[in-house]
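Letter by letter, the chains look like this.
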Amino acid sequence: MRTRDLSYWLFLAPVLLALALVVVVPMLLGLFYSFTAWNGIQTGEFVGFQNYLNLFTDERFLDSLWFTTKFSVVSVILINFIGLSLALIVTSKIKTSSLLRTTFFMPNLIGGLILGFIWQFIFLKVFASVGEAVGMESLQAWLSTTETGFWGLVILMSWQMAGYIMVIYIAYLEGLPKELIEAAEIDGASTVQRFRYIIFPLVAPAFTVSMFLTLSNTFKLYDQNLSLTAGGPYNSTEMVAMEIFKTAFVQNAFAYAQAKAIIFFLIVAIIALVQVYINKRREVEM
Amino acid sequence: MRNRWNIKVEVLGVALAILWLLPFYLMFVNSFKSKKEIFLDTTSPPEAWSFDNYIVAFQELDFLRTLFNSLLITVVSVVLIVLFSAMAAYALSRAKSKISTFLFFLFVSAMLIPFQSVMIPLVTVFGQFDMLNRGGLIFMYIGFGASLSIFLYHGALNNVPKSLDEAAKIDGANRWQVFWHIIFPILKPITVTVAILNIIWIWNDYLLPSLVINTTGSETIPLKMFFFFGEYTKQWHLALAGLTLAIIPVIIFYFFAQRSIIKGVSDGAVK
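Residue numbers (UniProt numbering), protein chains in the order written: chain P, 1 to 286; chain F, 1 to 271.
Treat the hints with caution; some may be incorrect.
BS3-like cross-link-like pairs, simulated, lysine-lysine; straight-line CA separation at most 30 Å [to be verified]:
1. F:Lys162 to P:Lys280
2. P:Lys125 to F:Lys263
3. P:Lys280 to F:Lys169
4. P:Lys125 to F:Lys96
5. P:Lys93 to F:Lys8
6. F:Lys169 to F:Lys96
7. F:Lys234 to P:Lys280
8. F:Lys188 to P:Lys125
9. P:Lys95 to F:Lys8
10. F:Lys35 to F:Lys8
11. P:Lys178 to F:Lys8
12. P:Lys280 to F:Lys96
Derived from the structure by calculation, the hints contain no laboratory data.
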């Protein structure tokens, strides 16, 4: 097949058309609109960088960016710690291994919206009634403060994503050469030593993959945010994706929301490109 | 020594698994209780296993229709994504040229774009052309799903020798026949992965349908669930029955395809 053949273009036509109309055109239009006073119907006048300059004094946007960053950092650490622990548990010589994998992975198949509603019940009702029964004041009124909203989201995401990350670590752990570990065992290396000096360095690429997957997933979070806290109380648990949505469809500030969306794209793209860079560098080293 | 360590690990694992299932247990047992019973006790099984909440939730969710909508949109979108992406990846992998390299790069870079960055122009443009309906939604899923799917197919196709194409061509088959009769069947393992990743994503997607579908009666499960939950937010007994109903199809799917699902998710993330 050659690129000047008709068949080449016929094979590509459906996806090219869809990608062009769904991603490329909206992206370019969006970039253009972010420099105008677009209101969704009329393009309006050209305003240069005004929308972008306004972002720097928009406290609600900056707060959401800061909240999202904090949430992502804490979640990435917890999810990877829990995910790796679960992977180590289910790859050891235990009978219930496959049953445990199935269980830990299950939350990932269910939509974030539904999971958020389930946890809303747990934090609001179950926590309150258990707190009352055992006399723990700290279990009362969850999700009604910024702090409990933050930890509520962290708990929800850790519970959901740890099983996903576990699956990635398992793929690397099961790819480890068995002879190497057995040789170390014969030489008298303890469990901790085997993990520290053999397993850990060989599983290092899994860290890069997992860290960036969790980072980009938590940074772009929307559904769980909507169903668990809906941004409350007083928009203090609102993350960037939700803030952009509200600017566009609640306040109807389309051009301004689009400028936020472009900044959001740049941040997400930089995260992804750093990952590509790190992976490439490691491949060279190996 | 070895055995004792393994038993400890197993006990820890089982304890964690119970903890992991606890949210589902709480959802399940409370979905059978009355409003008053939930108020009194949220942790024990219900006094009586009454299906009253389920009858209300089933009707309010218009469950069979909503389930059908979700199935229709997911199945049609995933079938089209699989067929079109496999075709495109085949063309890109067999015609090595600057154009192919550029197009492949275009598809891969599209993966970097978060949905929110194109959401606003997308909805306004499709709105102007009267495409905010189920057909438009499926078309959008093809646009958003193609990138990762082409990427996975492209990787798999590089391991399919070109001599296979040549042999079939000598036997008189044209490109179309070569692809569908020889190449596509060989790609079955990656097709399963591509299908599963797209099923999970599209089935659970809330934001895109919420922007595109605005006629009563064509809502998908997450969309209907959102409205339902908003209406019954103070009535947890009904909300929980609705949530349980919404989860059942996923559990059934997981029960029958768990091996392929876990493998697919793992392949999709690692590659």
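Consistency of the hints with the structure:
| no. | hint | verdict |
| --- | --- | --- |
| 1 | F:Lys162 to P:Lys280 | holds (28 Å) |
| 2 | P:Lys125 to F:Lys263 | violated (37 Å) |
| 3 | P:Lys280 to F:Lys169 | violated (38 Å) |
| 4 | P:Lys125 to F:Lys96 | violated (60 Å) |
| 5 | P:Lys93 to F:Lys8 | holds (11 Å) |
| 6 | F:Lys169 to F:Lys96 | holds (18 Å) |
| 7 | F:Lys234 to P:Lys280 | violated (52 Å) |
| 8 | F:Lys188 to P:Lys125 | violated (47 Å) |
| 9 | P:Lys95 to F:Lys8 | holds (12 Å) |
| 10 | F:Lys35 to F:Lys8 | violated (41 Å) |
| 11 | P:Lys178 to F:Lys8 | holds (22 Å) |
| 12 | P:Lys280 to F:Lys96 | holds (23 Å) |
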